[in-house]
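2 protein chains.
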Amino acid sequence: MNEILEQSLLYDFYGELLTAHQKQIYEQFILEDLSLAEIAQTAGISRQGVHDIVKRCHKALRGYEEKLHLMEKFLAIKSKVYKIEELEDIQRIKKIANEIIEEL
Amino acid sequence: MNEILEQSLLYDFYGELLTAHQKQIYEQFILEDLSLAEIAQTAGISRQGVHDIVKRCHKALRGYEEKLHLMEKFLAIKSKVYKIEELEDIQRIKKIANEIIEEL
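Same order as they appear, the protein sequences are chains A and B. Using the numbering used here, the first residue of the first sequence is number 1, and each one after it goes up by one. Using the numbering used here, the first residue of the second sequence is number 1, and each one after it goes up by one.
Just chain A, same shape as in the assembly:
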């Protein structure tokens, strides 16, 4: 998975655990793709300050996933549900549904 995609997925899952200020800065960086300099200017802090916040947010979000593995679980289930969508063989569909239930 590329890093920006991973970061925005992690943010989708655990972003609500960041503070309002962290979210504001991190969203501009990850979702709006602004540069550190641009974010620094709007937020009225230094470029280095923005850099530190982004780094801290990234580390926190990764930390949540390392502890909870919920994103990993969701993605595994999602790929199995996509398989169900493609299949026509009802026995194979039931087998996959069973696997999902065991994972949940």
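Misleading hints may appear alongside valid ones.
[Said to hold, decoys possible] Think about it this way: if two alpha-carbon atoms lie no more than 27 Å apart in a straight line, the pair counts; the simulated DSS-like pairs of lysine-lysine are: (1) Lys-95/A with Lys-73/B; (2) Lys-83/B with Lys-94/B; (3) Lys-55/A with Lys-23/A; (4) Lys-80/A with Lys-80/B; (5) Lys-95/A with Lys-94/B; (6) Lys-67/A with Lys-80/A; (7) Lys-78/A with Lys-73/B.
[What the hints assert, rightly or not] Listing some non-contacts, in silico: residues in chain B with all C-beta distances to chain A over 10 Å: (8) Ser-35; (9) His-51; (10) Lys-55.
In short, the hints are calculated from the structure, not lab data. Note that the coordinates shown come from a computational prediction; the quantities given were computed from them, not determined experimentally. Just so it is clear, CB atoms sit at the ideal spot from N, CA and C, and this is done for glycine as well.
Since the structure of chain A is provided, determine the placement of chain B on it from the hints.
Here is chain B on its own, set in the frame of chain A:
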């Protein structure tokens, strides 16, 4: 959902975000069903101390769910996958698979 079930589900999802000490106390209360007095004795703290820790853990776990809603999402997906397991009509199965993907 009854309260003990809800608490142990929440613990399953977010328990890893508690400290080691909190986990130890909370597990004895929720999973091993020990009384506050029993836990207090083993841990060498007061009954009131155990009560406070349990209350704080419960509040923290609920707080995570209120922010992230991941347990709610998982349970909704699980009930849909159970439906897939029961159905024989492939068109209805695909419709439900689609709904799951939209929720994920």
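Requested in this report: Tell me, in ascending order, the numbers of any earlier hints that this structure violates.
Outcome: none
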